[in-house]
Amino acid sequence: MLRRLAQSRASGGVRLLAVTLGVFVLMTILNGDRFLSGRNLASMCFQFPELGLFALAIMLALITGGIDLSIISIANLAGLSAGLVLAQSTASGLHVILAIFLALGVSIACGLLNGWLIGYAGLTPILATLGTMQLLMGLAFALTKGHAVAGYPEAFQTLGNGTLAHVPVPLLVFLLGAIVLQVLLSRTALGIRLSLLGTNPTAAVFAGLHVRRLQLATYALSGLLAGIAGLIVIARTNSAKADYGTSYLLQAVLVAMLAGVDPRGGFGTVWGILLAVLSLQFLSSGLNLLRFHEAVGPYINNFTKEFTWGALLLLVMVLHCAKNQHPR
Amino acid sequence: MRPAIVAARNISKSFGGVQALREVSVALHRGEIRGLVGENGSGKSTLIQILAGVLGPDAGEIVVDGKTHAHLDPREAIRAGIQVIYQDFSLFPNLTVAENLALNTELEHGTRFVSRRRRRRIATAALARLGRDIDLTQTVAELSVADKQLVAIARALLHNARVIIMDEPTTALTQREVQTLFGIVADLKAQGMSLLFVGHKLQEVLALCDAITVLRNGRNVAEGEAAQFSPGDLVRHMTGRHLQGRPRATTVSEDEDLLKVTDLSKAGAFAHVSFAAGAGEVVGITGLLGSGRTELALSLFGLAPADSGTIEIAEQAVRIRSVPDALRAGIAYVPEDRLTEGVFAEQSIERNLAISGLSAWAHPAGWISPARLRRVVAPWLGRLRIQTPSARMPVAGLSGGNQQKVVLGRWLATQARVLILNGPTVGVDVGAKADIHAQIRELVGHGLTALLISDDLRELAEVCDRILVMHRGRIVREIPAAGCDENALARELGRLE
Amino acid sequence: MRALLHRHEFYLAALTLALSAGIALANPAFCSVANLFDLCQGSTVMGLFALGVLIVLVSGGIDVSFAAIGAFSMYVTSKVLLGLDFQGSAAVALVLGGAIGTLLGLFNAFFIGFLRLPTLIVTLGSASLFRGFLLAFIGTAIVNTLPAGMVRFSKLTLWEMRLADGTIAGLPASFLLLVVAALLVGCVLQGTMLGRGIYALGGNPVAAARAGFNLRGRQLFIYGGTGLLSGLAGVVHACMMRNANPFDLVGMELNVLAAVVLGGAGITGGRGTVLGTLLGVGLIVTINNSLILLDVPSYWQKVVVGAVILVSTGITARTGWARARGAGLC
Chain A
0 MLRRLAQSRA SGGVRLLAVT LGVFVLMTIL NGDRFLSGRN LASMCFQFPE
50 LGLFALAIML ALITGGIDLS IISIANLAGL SAGLVLAQST ASGLHVILAI
100 FLALGVSIAC GLLNGWLIGY AGLTPILATL GTMQLLMGLA FALTKGHAVA
150 GYPEAFQTLG NGTLAHVPVP LLVFLLGAIV LQVLLSRTAL GIRLSLLGTN
200 PTAAVFAGLH VRRLQLATYA LSGLLAGIAG LIVIARTNSA KADYGTSYLL
250 QAVLVAMLAG VDPRGGFGTV WGILLAVLSL QFLSSGLNLL RFHEAVGPYI
300 NNFTKEFTWG ALLLLVMVLH CAKNQHPR
Chain B
0 MRPAIVAARN ISKSFGGVQA LREVSVALHR GEIRGLVGEN GSGKSTLIQI
50 LAGVLGPDAG EIVVDGKTHA HLDPREAIRA GIQVIYQDFS LFPNLTVAEN
100 LALNTELEHG TRFVSRRRRR RIATAALARL GRDIDLTQTV AELSVADKQL
150 VAIARALLHN ARVIIMDEPT TALTQREVQT LFGIVADLKA QGMSLLFVGH
200 KLQEVLALCD AITVLRNGRN VAEGEAAQFS PGDLVRHMTG RHLQGRPRAT
250 TVSEDEDLLK VTDLSKAGAF AHVSFAAGAG EVVGITGLLG SGRTELALSL
300 FGLAPADSGT IEIAEQAVRI RSVPDALRAG IAYVPEDRLT EGVFAEQSIE
350 RNLAISGLSA WAHPAGWISP ARLRRVVAPW LGRLRIQTPS ARMPVAGLSG
400 GNQQKVVLGR WLATQARVLI LNGPTVGVDV GAKADIHAQI RELVGHGLTA
450 LLISDDLREL AEVCDRILVM HRGRIVREIP AAGCDENALA RELGRLE
Chain C
0 MRALLHRHEF YLAALTLALS AGIALANPAF CSVANLFDLC QGSTVMGLFA
50 LGVLIVLVSG GIDVSFAAIG AFSMYVTSKV LLGLDFQGSA AVALVLGGAI
100 GTLLGLFNAF FIGFLRLPTL IVTLGSASLF RGFLLAFIGT AIVNTLPAGM
150 VRFSKLTLWE MRLADGTIAG LPASFLLLVV AALLVGCVLQ GTMLGRGIYA
200 LGGNPVAAAR AGFNLRGRQL FIYGGTGLLS GLAGVVHACM MRNANPFDLV
250 GMELNVLAAV VLGGAGITGG RGTVLGTLLG VGLIVTINNS LILLDVPSYW
300 QKVVVGAVIL VSTGITARTG WARARGAGLC
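Protein chains in written order, with numbering that gives the first Met the number 0: chain A, 0 to 327; chain B, 0 to 496; chain C, 0 to 329.
The set of hints was computed from the structure by calculation and includes no laboratory data. Bear in mind that the values here come from a model prediction, so they are computed numbers and not experimental data. Each residue gets a CB set at the ideal place from its N, CA and C atoms; glycine is no exception.
Reference excerpt, derived from the structure (chain C facing chain A, CB under 7 Å, subset only):
| id | residue |
| --- | --- |
| 1 | Leu116 |
| 2 | Ile266 |
| 3 | Thr312 |
| 4 | Ala316 |
Working from the sequences, and respecting the hints, build out all of it.
Rendered as structure tokens:
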């Protein structure tokens, strides 16, 4: 049984690759040239890095046996604090650097708050991050009185819209984050400790792990990933809002589940996230293009997508469940 | 032969391709105490769960009072008078004692509405049968372990039980409580009750049972009157091989006290505990439940720091307020409950082995590639005699004994100088037990100090150099192991009352 | 008396009273009959949702789909009754809304009870599924004219009084619905084996299975019941607003969760009472109401609710029961 479980984890990657290619082919068939057009492919490359970073953040918390529901709020608060610096008419290069560091600092601080609540104050991750999700969003609103903060220097917008050697900058940032996280999880002592903590938190205490510090590190890091996503969001849209992209939370959880991250903790890979986020982006862009389709077009809107994500999440969970039936 | 009250016939059961039971049969007659013995993983717990109706067999049948069932459900089993007392007691920590006692009865009667008066009546009657008194309005979470077991037994007796299955009931009990339990069991037998006593402490089984069924690898391998078996026979049936005699206790030279504890106290747990242990020495600690021995161990490991007193390692005073403090001082701990506190079940053997020594094995900056991990772990697999096709398999696939070797082994690469072992061979089969004892002796041979906390008097007598007896939070006796055997130890412990 | 001092509910009630007194000093309008009736009205929808969430939390799960269920039931009920040109009593609307809610709750129960999937992820998914279905395939336009029965129900009051300025303040009849629902849920949880089974499930799921509790049946009841209460809450909300807006309700999940958690329930299961939950709802509604009376911008409510969740769970995490459980063997 265990050997099979181990195999199923490995073959899960192959299956996921097949799913990703399948979605790609399906969307190509349904949308034809429009899907394969350079414009569509390019726009996908600018869109999915945000979701990808959120999914990496969710995966990290899930691996340690927790969950971070506050990532979107952290991203928006971090984005806003950068936006407030950048939106000044006199914003200079120095301001851009300052804004970036401010956003990253804010996101790490928010993550540390989560880590402290979970590790030191003893809250369950679900309630702690639900609480901070609300608290931080409220603070972001209070900071701006609900208005958007828009208009940033060109130099900063490159982070969201620019390319470097024809590769979109957001994609580079995401790939960098993914590689760093992959190395961290598979080739460092910290990564091994995080996985084992997620597998059995009690045993982790007896094995001498610094559980509280590990939790601080986990949530600080997932906060940081969210903060980077927040920066990309405001650079791409040239504005920051307190409640931008709340639907990303569900999608990030969906990507993580699709990627085979174990919701009970201990297992998850960056490669899985990479494939899962691609397949979701193909689906999302494909659905968008279907709006031009005569028959189904009128039915395709944001709400259809919301429905699709919910249904997909349940479907993915059911398939995982059928695959990993435990005798317990 | 008279008909059995309950019988399992030719039961087979597999979990995802692993055959847990193959055509196993066991029968229980009125007024009989039957021992069901076997190593861990021999299928005992699966069989219990099938008799209790929690699991359904793949093949075979269960006969209750001559009536054949392909599968019992839990309610049918209870209605038929079958009660299981699980190792973890199966109580509800958030509910009161009264409700815990009455819940199953109410469920069995198909009660829809709760009546406080009836609940109280049921609960009082249940405890009266054991002649004990526990505050009925307390929540179970607030009870001591011994009281929890009492509640579990009282609850089992409520259901016009005719068959009581006890799953390793003595694991959490001390010598004296085992005697009390045996008294209760004998009473129950006199009342015509049948008992299935599941365990692997052979002396207990032989002393208590009328008949014995032995399982190995999910099959029946022996069965008969208890008088037919000697302990050696049982071991041979359980393991399928002959075992070496006791490991020879080495005498040690105690040049310096590696660990010195002076006047250590913790309110409500232990008081004025002082002792010293030298390098190369195994010091046993035993005592009744509530004697404070586990609390002492946990305070040395920083999980429940002491209120006052001093701890010295190699003549340096150390302050231990947290687990990291203890690790820094070189104190390591092998926990009591392997499955919930010891192993990371779904993770690989190599990760389980490496986890505590990662800082030593990783590159100073924290890098440790999978290849490096494999390389550093490989020698330990051999040294610990862990049998596995690959170190990348989940540790859950190992037998209990091999899992325990992994938990023990993870401290070897650390700077640990004092190893606290809390019940290291509880639930470990006879073969692996000898390996673990040898391992402990080998470790101290390299200059470590081991504190061995155990109820297993034979283990204490065979492995330790001296034995500290704790009673009501104090060390009351120190017994040198030289010339001491388990009978002598039992006499010493008996004198405590 | 000593028992009283150990009750979570006692401190909650004291806190609510102290807060009320403080607000009343700052703004005497708080104590007016009209405002008290407002508080009751404000508590009704949240209270109905909270009772459902309480059941789920006691069983050891969590539900974030109840608001989506409420919106779905509310909108579909209004549409259907309007489509039929139904002129009869609002009771039919409540029954229909409750039935739709129950069905959606049973949908959750299928995944949780039969496939044993984690409750948070299932209800996250189903919330999005329900809301997406509602908005994509049923409609997005606000229904401004409700069926006649619902309009009549919205004007029905239990008790009215004429105020000094000549206007009439009334306690809406729907408040009675909350009272009845609370009594029923309380009786089921405390006085029936069904309810005790839910506490048992939350306290020790393995032992509950061994004792022979029908766990799937319980999960059907838990999530079906929560769906029923959410459906009712949705219909009552429409009656109070005098319209059915499919975008309403979703977004209040955290207010409700905060109220229930404040009331002493925890997502580790096995804890929580109806009285505590109602007091928690009362406190959250009072806080939100007072922030309005004190002219605090509405977004601070989010900050306060977030802080309430963190502080109240932080406190329960440190109280005796949780610690005893951590140390206990079972």
